[in-house]
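Trainee: Residues per chain, in single letters:
2 protein chains.
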Amino acid sequence: MDATHRIGDISAPGRVAGPDEGISAAELALAARNHGLPLEALRYDTTPPGLHYVLVHYDIPATDADTWRLTLGGRVRRPLSLDLKALRERPAVTHRVTMECAGNGRARLAPRPISQPWLVEAVGTADWTGVPLATLLAEAGIADDAVEAVFTGADHGVERGTEQDYRRSLPLALAADPARGVLVAYAMNGAPLPPQHGHPLRLVVPGWYGMAHVKWLHDITVTDTPYTGFQQAVAYRYRQGPDEPGDPVDVIAPRALMIPPGFPDFMTRTRVVRPGPVPLAGRAWSGHAPVVRVELSSDDERTWTDAEVAADPERPWAWAAWRATWTATPGPYRLTVRATDAAGHTQPLSAPWNRGGFGNNLVQRVEVLCVD
Amino acid sequence: MDATHRIGDISAPGRVAGPDEGISAAELALAARNHGLPLEALRYDTTPPGLHYVLVHYDIPATDADTWRLTLGGRVRRPLSLDLKALRERPAVTHRVTMECAGNGRARLAPRPISQPWLVEAVGTADWTGVPLATLLAEAGIADDAVEAVFTGADHGVERGTEQDYRRSLPLALAADPARGVLVAYAMNGAPLPPQHGHPLRLVVPGWYGMAHVKWLHDITVTDTPYTGFQQAVAYRYRQGPDEPGDPVDVIAPRALMIPPGFPDFMTRTRVVRPGPVPLAGRAWSGHAPVVRVELSSDDERTWTDAEVAADPERPWAWAAWRATWTATPGPYRLTVRATDAAGHTQPLSAPWNRGGFGNNLVQRVEVLCVD
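Same order as they appear, the protein sequences are chains A and B.
Counting from 1 along the first sequence, just add 2 to a position and that's the residue number in our numbering.
Counting from 1 along the second sequence, just add 2 to a position and that's the residue number in our numbering.
Bear in mind the hints are in silico, worked out from the structure with no lab data behind them.
C-beta atoms are modelled at their ideal positions from N, C-alpha and C, and glycine is treated no differently.
Please note: incorrect hints may appear among the correct ones.
Have a look at the derived ranges for each label pair, beta carbon to beta carbon [to be verified]:
| # | chain 1 | residue 1 | chain 2 | residue 2 | range |
| --- | --- | --- | --- | --- | --- |
| 1 | B | T331 | A | P247 | 18 to 26 Å |
| 2 | A | L351 | B | D226 | 53 to 61 Å |
| 3 | B | R241 | A | V95 | 55 to 63 Å |
Quick look at which bits of chain B chain A covers, simulated, 3 or more residues with Cβ under 8 Å [claimed, not checked]:
| # | segment |
| --- | --- |
| 4 | 9-23 |
| 5 | 28-35 |
| 6 | 111-119 |
| 7 | 186-200 |
| 8 | 262-275 |
| 9 | 332-341 |
Just need the whole structure built from these sequences, with the hints factored in.
Mentor: Encoded structure:
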């Protein structure tokens, strides 16, 4: 054997697909492991495990809730080491949070960044129960010079040549503010976290893309400098070219999704409806501000009509339900839905491209055939 | 609009990919909806929802356990109509059953049949609880001329031009034999069925590929002729050419899968291990007979060593655990694992091709790099 075998041999830099390059075997292997929300599951207010999207960077680690400990150290006055029992003894809160992968929409970009090839379905909403991160940080006592908290998960792997535990940071202005709702969560929809959602502990960061919600969380380190590790400074940046520092990926851009109406063709997923009134419904969300408008088009985006939006002011971090009625006559249609939030962000009609394929909140388009 | 718009316009015949045709957008859309078992989840004796493979032909239907009824009619003496309460009042049994999609391995075929593009991961094992089908058939009283039972699920869609409810049959010699373990199941791993696994009722057919385990089951009709509907006579046939009647797809061929050792590269899923003893473990199963042998190769299938196989004779329909130790030295490897069952079936080293991409139980090959 040759001593020149190195991890870099099997872990290439990021790249973008060639103009006619179909989905590769490596992308397919990720698509077979990870999964999106089947769009009809938008019907559930909270998404059951198995329907909620999952993206695992490396492997789902083997974890044991009985021996698990969360350590909280670094620039704090009283470092903590807590087991699950100790966390459960603290006052618990439950937040309904819509979570979305930052790479949602990536496979609809041209050229296509090579990574997990999401179309539109990398989303889900759950009731997450746990201890407010602000409570734990206050208990530990943040040092005056501290600026960030760094979160380490137990999943371990290689990415673009870098061997790592999955690790991300948050600014303390967010992490330590009780109003921002950041949680150390041990339950999803009232049950212990499933393995693929971070059992036994994960971070939940309302309004931020999924990369921030560190799963299999075992350490929080408060630092006096901003974290510059792989998942913060190399991955998850909005960049046009490979050598730019880029801007950080953080808050979820607005998106509306429709429960595809009627019934599908198995292979093309094109929908079939009968003539007459067709109820349309779905969900819409934004990490910036509540969704205030959902519009529908059935004429290739020439005209739009408003759907009825039912946001729940008690659940600011959860998707809002929307509904409308479309009167179908025989023929082929493309239904389009777009959301606008109270901060003035509207979904684009052409995809916002960047090299990582992040934040592509292009409108959803659903092909429908109305037949007698 | 044009009155010639018909369902056939959006629902094409089955086809096989061209020689250089990458995974299509339609295949990717299926891969994003459906999902396999992340291979590290082979560590669990029973697979939690969300890790167990799921294949939904059409949409997951909206179902209500409170109003659900199962009807059992046709060539019986006393037709039944049972709600969930009535089913739960009958003596329940629990079987641990390994379920696998008949299309598992399809995307490793060349040329590739165009459908759900599974690699190797379309499998899972669960404890399924319900009422033996034989009990219900005996209660209804099978007519003397009856030959089959036909099972109808609530999922509705189009497939290759045919609008349909999902429907499959079983011969009564299997369906009515208590020893064969066929169940009308209402619980998975001790909890009500999740939506994607057939809530509130599904059929479980131990030893058969997944297409037989009809989900969202609402009707059983006993017939005096063999069923020739789409999912029985058109789909799920072993065929070399499009015009052959083909042979039915039924019993699961043997397969062993390995928990990929070490840790992965995010994008290629290639594994990294350190030099020294590397524990290898996984599961193996066959619908024909117990797995009696699992062999491993680390030298491109030139030599093989036996793994230790721990089949549980009390659970004849569940996968068997296997384990071995591999001593790694620096360099690149391809680890191969293959299973043999007591009926003499061994996994092939080259893929058995058929036009639907069914039953491809080609050995699993895992790329591993050992680095210092």
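Trainee: If a hint holds in the structure, say so; if it does not, say that too.
Mentor: Each hint tested on the structure:
Here the CB-CB span from T331/B to P247/A is close to 41 Å, at odds with the stated 18 to 26 Å. Checked against the hint of 53 to 61 Å, the C-beta distance between L351/A and D226/B comes to roughly 58 Å, which is consistent with it. Evaluation of the 55 to 63 Å hint for R241/B and V95/A yields a pass: the beta carbon distance comes to about 57 Å. Coverage of the segment 9-23 of chain B by chain A holds in this model, with 6 residues showing a Cβ closer than 8 Å to a Cβ of that chain against a need of three.
Under a criterion of three residues with beta carbons nearer than 8 Å to beta carbons of chain A, the stated coverage of the segment 28-35 of chain B is upheld, 8 such residues being counted. Look at the segment 111-119 of chain B against chain A: 3 of its residues bring a Cβ nearer than 8 Å to a Cβ of that chain, three or more, so the hint holds. For the segment 186-200 of chain B, the proposed coverage by chain A is satisfied: 4 residues have a C-beta within less than 8 Å of a C-beta in that chain, meeting the threshold of three. Beta-carbon proximity to chain A at under 8 Å applies to 10 residues in the segment 262-275 of chain B; the threshold of 3 is reached and the given coverage holds.
Beta-carbon proximity to chain A at under 8 Å applies to 3 residues in the segment 332-341 of chain B; the threshold of 3 is reached and the given coverage holds.
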